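There are 6 protein chains.
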Amino acid sequence: MPERITALDLEPAELSDGTRAYFAKCEEKLGLVPNVLKAYAFDEKKLRAFTDMYNDLMLGESGLSKLEREMIAVAVSSINHCYYCLTAHGAAVRQLSGDPALGEMMVMNWRAAELSGKQRAMLEFAVKLTEQPDKMVEADRTTLRDAGFSDRDVWDIASTAAFFNMSNRLAAAIDMRPNPEYHAMAR
Amino acid sequence: MPERITALDLEPAELSDGTRAYFAKCEEKLGLVPNVLKAYAFDEKKLRAFTDMYNDLMLGESGLSKLEREMIAVAVSSINHCYYCLTAHGAAVRQLSGDPALGEMMVMNWRAAELSGKQRAMLEFAVKLTEQPDKMVEADRTTLRDAGFSDRDVWDIASTAAFFNMSNRLAAAIDMRPNPEYHAMAR
Amino acid sequence: MPERITALDLEPAELSDGTRAYFAKCEEKLGLVPNVLKAYAFDEKKLRAFTDMYNDLMLGESGLSKLEREMIAVAVSSINHCYYCLTAHGAAVRQLSGDPALGEMMVMNWRAAELSGKQRAMLEFAVKLTEQPDKMVEADRTTLRDAGFSDRDVWDIASTAAFFNMSNRLAAAIDMRPNPEYHAMAR
Amino acid sequence: MPERITALDLEPAELSDGTRAYFAKCEEKLGLVPNVLKAYAFDEKKLRAFTDMYNDLMLGESGLSKLEREMIAVAVSSINHCYYCLTAHGAAVRQLSGDPALGEMMVMNWRAAELSGKQRAMLEFAVKLTEQPDKMVEADRTTLRDAGFSDRDVWDIASTAAFFNMSNRLAAAIDMRPNPEYHAMAR
Amino acid sequence: MPERITALDLEPAELSDGTRAYFAKCEEKLGLVPNVLKAYAFDEKKLRAFTDMYNDLMLGESGLSKLEREMIAVAVSSINHCYYCLTAHGAAVRQLSGDPALGEMMVMNWRAAELSGKQRAMLEFAVKLTEQPDKMVEADRTTLRDAGFSDRDVWDIASTAAFFNMSNRLAAAIDMRPNPEYHAMAR
Amino acid sequence: MPERITALDLEPAELSDGTRAYFAKCEEKLGLVPNVLKAYAFDEKKLRAFTDMYNDLMLGESGLSKLEREMIAVAVSSINHCYYCLTAHGAAVRQLSGDPALGEMMVMNWRAAELSGKQRAMLEFAVKLTEQPDKMVEADRTTLRDAGFSDRDVWDIASTAAFFNMSNRLAAAIDMRPNPEYHAMAR
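Protein chains in written order, with this note's numbering: chain G, 1 to 187; chain W, 1 to 187; chain C, 1 to 187; chain H, 1 to 187; chain Y, 1 to 187; chain D, 1 to 187.
Rather than coming from a laboratory, the hints here were simulated on the basis of the structure.
Be aware that one or more of the hints could be misleading.
Where chains are identical, the list cannot tell them apart; a pair therefore holds if satisfied intra-copy or between any two copies.
Within a straight-line C-alpha distance of at most 25 Å, the following computed PhoX-like cross-link-like pairs (lysine-lysine) qualify [claimed, not checked]:
| id | residue 1 | residue 2 |
| --- | --- | --- |
| 1 | 29 | 128 |
| 2 | 118 | 66 |
| 3 | 135 | 38 |
| 4 | 45 | 25 |
| 5 | 29 | 45 |
| 6 | 118 | 135 |
| 7 | 128 | 66 |
| 8 | 66 | 25 |
| 9 | 38 | 25 |
| 10 | 45 | 135 |
| 11 | 29 | 66 |
This structure is a prediction, so every number in the text was calculated from the model and none was measured.
Please take these sequences and the hints and turn them into a complete structure.
Printed below as a string of structure tokens:
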């Protein structure tokens with residue numbers, strides 16, 4: 001019997017050929033189908049909207065490296081104590097950086113990591129946006145620009161941090177469980 | 001000279017015919033193109049991912065009425081003090097309910113509204129998910145089920161509340177400005 | 001049957017001629033008797049103490065304009081999510097400024113408004129005093145003085161912010177309901 | 001040279017005969033003129049509005065004993081860490097109760113005191129109103145009524161707690177200093 | 001019948017000669033055996049571990065004076081609202097400083113005290129460490145060094161603040177009651 | 001060159017034979033000398049006080065299993081985001097439980113773990129004590145007793161949670177770095 005993926009009992013949808021192919025590709029490239037995709041699969045429209053946004057954000061063109069985007073994901077998820085995202089994206093930081101300790105630091109407290117001033121500014125912005133979105137002001141954007149980020153980069157930092165504030169909350173609300181394989185990856 | 005829509009200086013993209021048509025439809029149906037769409041229009045891929053998710057969530061099939069989804073949107077945005085979303089979705093609550101005071105209550109303090117126990121449970125869940133995502137437990141889902149919500153409804157409450165925790169933060173991070181027309185709508 | 005004004009069932013007092021005259025004057029000048037006055041009217045001594053303090057603070061001599069005092073009232077009430085005060089004083093900001101959007105910004109998030117540095121300093125002080133009264137230090141007063149405020153202005157900013165921290169709490173504690181007329185005023 | 005009473009440099013007003021008489025009465029009855037009165041004395045209108053409200057609230061007719069009102073004052077001031085009010089009203093609790101330890105508990109942590117369930121409910125209400133005014137709901141009033149309080153008592157608890165949320169903030173904003181005599185009183 | 005010292009009903013241990021002698025010495029030097037020692041006395045190993053750490057920290061060699069260490073103890077305990085520690089260490093501040101008002105300020109709000117910039121930096125560090133341990137960064141240590149503290153002093157400030165974050169919590173968890181004698185000491 | 005262990009530059013002490021032997025025993029039993037011991041080794045008195053308390057608490061007689069004490073350690077450290085303690089004690093949970101995922105859950109969000117009601121009550125108590133020590137009341141102890149804990153167990157839960165509130169803060173204050181070996185242990 002497969003382990004449950006969320007706390008909700010949702011009617012599974014018949015998967016379309018497109019989704020099947022997408023899942024097969026995940027299996028091939030990642031060695032697993034991330035549980036978040038299976039959680040969304042009860043409704044293919046929701047699944048597609050989620051993956052379109054996620055893939056653009058985390059894998060698309062950006063002035064931020066993929067590792068930097070994953071660092072934002074994990075630093076935000078650490079504040080929100082999201083078990084799913086810390087597990088899955090903590091593994092991604094370990095993998096992309098080749099530095100297991102860096103992944104742990106992002107999960108536990110990113111301030112423990114030795115980062116460039118630019119990356120530190122990036123994470124400070126993501127943290128403030130997570131904790132005190134009502135207090136964001138022009139000075140926060142100026143700090144990013146002064147650290148060397150373009151306005152497009154500011155958008156990417158903001159939308160990545162914002163996305164995980166969504167994702168963390170959906171996962172928390174439905175008790176989404178990460179694939180157990182993540183725990184041992186890239187240690 | 002058009003008023004600025006965000007604090008970021010992003011290269012505007014050439015709009016595709018599809019986007020042009022979509023904006024024309026907005027103009028026709030709503031009397032305006034919501035600024036959030038214009039803000040995203042520097043990159044059509046991002047725009048489409050956002051509108052796909054948004055339209056499914058707020059306009060698609062659901063056990064929650066459109067008004068209830070807008071109520072969640074505004075109650076969440078009130079916690080996060082998001083000027084953009086409170087303006088745009090406060091107007092939506094006023095319009096959909098035909099009750100201007102209800103829109104104001106959602107913006108100011110939803111606890112002031114006389115709601116059914118079921119709607120109150122819905123908003124309590126959305127608020128806890130916004131303020132303390134790390135503290136969500138099975139008892140929170142049970143409370144929703146006891147109030148009469150299905151597991152699919154729980155998903156919809158959770159994903160709507162989660163979405164506005166994203167949207168509020170993107171808007172805050174880039175100082176997104178609502179269309180001024182919203183202020184006078186449905187007063 | 002008149003709508004209830006608070007959640008408390010208090011014996012109404014026989015109104016004195018003075019109070020009757022005062023209410024008639026309100027009706028004449030404002031088009032309504034603010035519900036807060038009716039709420040206090042069960043005890044004329046309390047009513048008079050309240051109005052004496054309120055009128056001196058909001059209408060008396062001050063280096064702050066009446067609009068500025070109303071801005072403080074609304075910014076403080078926004079933090080405390082006071083439905084009564086946001087409704088009544090949000091209307092006052094719209095009226096005094098002739099700028100409906102400014103009223104909305106004060107209600108939703110004053111940081112969205114384009115204010116002078118001096119007014120921004122004034123509201124920052126009021127916000128800190130509301131959120132972290134235990135952390136006020138000389139540097140906070142110095143910031144106000146450097147922004148151009150006199151020591152008497154500091155008193156007025158402080159006592160206005162302090163007053164609404166009282167008023168917000170009384171309204172919240174007894175579920176005080178604003179006059180419905182406020183919603184449509186000066187839109 | 002007299003010790004300064006606040007951090008503000010305000011033009012002292014010529015005291016009227018009425019105020020002089022009032023201060024003389026304080027001196028006679030309390031052995032001192034409370035510094036809060038001297039702080040307000042730069043403007044007799046403000047002074048009178050303050051004392052009218054204060055005297056009605058703390059000394060007027062009420063279902064709450066004077067000691068209970070002082071307990072609320074100190075419990076609220078403890079949350080706000082108000083040096084002035086904790087000093088002056090801590091002394092009042094010691095005096096009125098004849099129990100120095102009770103005064104200390106109110107200052108430090110009222111939960112350490114052995115109180116009746118009714119008084120505990122009273123202070124819990126005052127604390128919630130202080131910390132989370134936005135979260136007050138009918139259930140909070142019901143708890144007070146169930147503990148034996150009338151609706152008028154609810155008003156008195158609410159307005160006392162609200163008043164000290166004002167007073168604490170004015171004192172904090174201007175660094176108001178308590179009369180040194182309070183420290184040794186009723187130890 | 002002796003007053004209870006904690007809310008727990010723990011089997012009292014037979015006191016060893018060493019502990020008896022230690023308690024006699026306390027009685028002789030302090031005029032009382034601090035209740036915290038009696039609370040730990042159900043297990044001599046725990047008692048000794050506690051007193052060894054405490055005595056080294058508060059009475060051992062340090063660049064901080066004993067008064068400064070007590071000031072940290074009380075400022076931390078004020079944040080945590082620890083009745084036991086505020087009572088016992090508030091008395092210590094009054095005694096060591098010979099300034100009753102200083103003890104009261106530490107209990108109520110240390111920011112009210114007129115301290116040197118160096119002592120202010122010391123307490124700011126202790127407060128941040130108490131309230132936001134996750135946010136400590138190199139800049140916080142630099143501020144202490146710039147204020148004139150050595151690295152060893154930083155250790156002592158940190159470990160004293162940390163110790164009372166432990167002690168406050170044990171006392172709160174078991175409702176530890178201070179010896180009543182403290183209240184009247186050094187007033 | 002050895003990696004630095006803390007941000008402080010403290011004169012290393014000449015290690016006594018006893019300490020040398022103790023470190024050798026650590027090396028033998030754990031495969032490493034925990035960096036916290038090396039951090040304290042600049043002063044053997046402090047080192048001994050720390051290890052005496054630590055060893056009694058985490059390894060001594062108790063109604064709590066060693067794993068349960070480590071679970072408290074990690075759940076508390078997760079709230080405080082302590083990189084050192086999460087790394088070292090997260091490894092201990094993995095080792096003692098033989099369940100790597102359990103260690104991760106304690107680090108990320110203990111609420112994700114499937115625990116007995118008794119263990120859940122234990123961690124809820126530890127969390128409240130960490131986050132709101134000022135709000136602990138008899139009802140919190142009663143909940144533990146109702147879950148099956150003795151008064152002595154309550155002491156142990158309280159003192160373990162309290163200890164890590166100290167330890168987390170010392171580590172944060174001086175940027176204590178965990179031995180890198182912990183990361184790969186018991187994965």
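Comparing the hints with the structure gives:
1. 29 <-> 128: Neither way: residue 29 and residue 128 sit 34 Å apart in one copy and 37 Å across, limit 25 Å.
2. 118 <-> 66: Answer is within: at 15 Å inside a copy they meet the 25 Å cutoff, but 42 Å across does not.
3. 135 <-> 38: between (36 Å within a copy, 24 Å between copies)
4. 45 <-> 25: Both. Shortest intra-copy (19 Å) and inter-copy (22 Å) distances satisfy the 25 Å Cα cut-off.
5. 29 <-> 45: both (23 Å within a copy, 24 Å between copies)
6. 118 <-> 135: Classified as both: same-chain Cα gap 21 Å, cross-chain 18 Å, threshold 25 Å.
7. 128 <-> 66: within (21 Å within a copy, 31 Å between copies)
8. 66 <-> 25: Within. Shortest intra-copy distance 20 Å satisfies the 25 Å Cα cut-off; inter-copy 36 Å does not.
9. 38 <-> 25: within (14 Å within a copy, 34 Å between copies)
10. 45 <-> 135: The answer is neither: 35 Å in one copy and 29 Å across copies each exceed 25 Å.
11. 29 <-> 66: Answer is within: at 16 Å inside a copy they meet the 25 Å cutoff, but 39 Å across does not.
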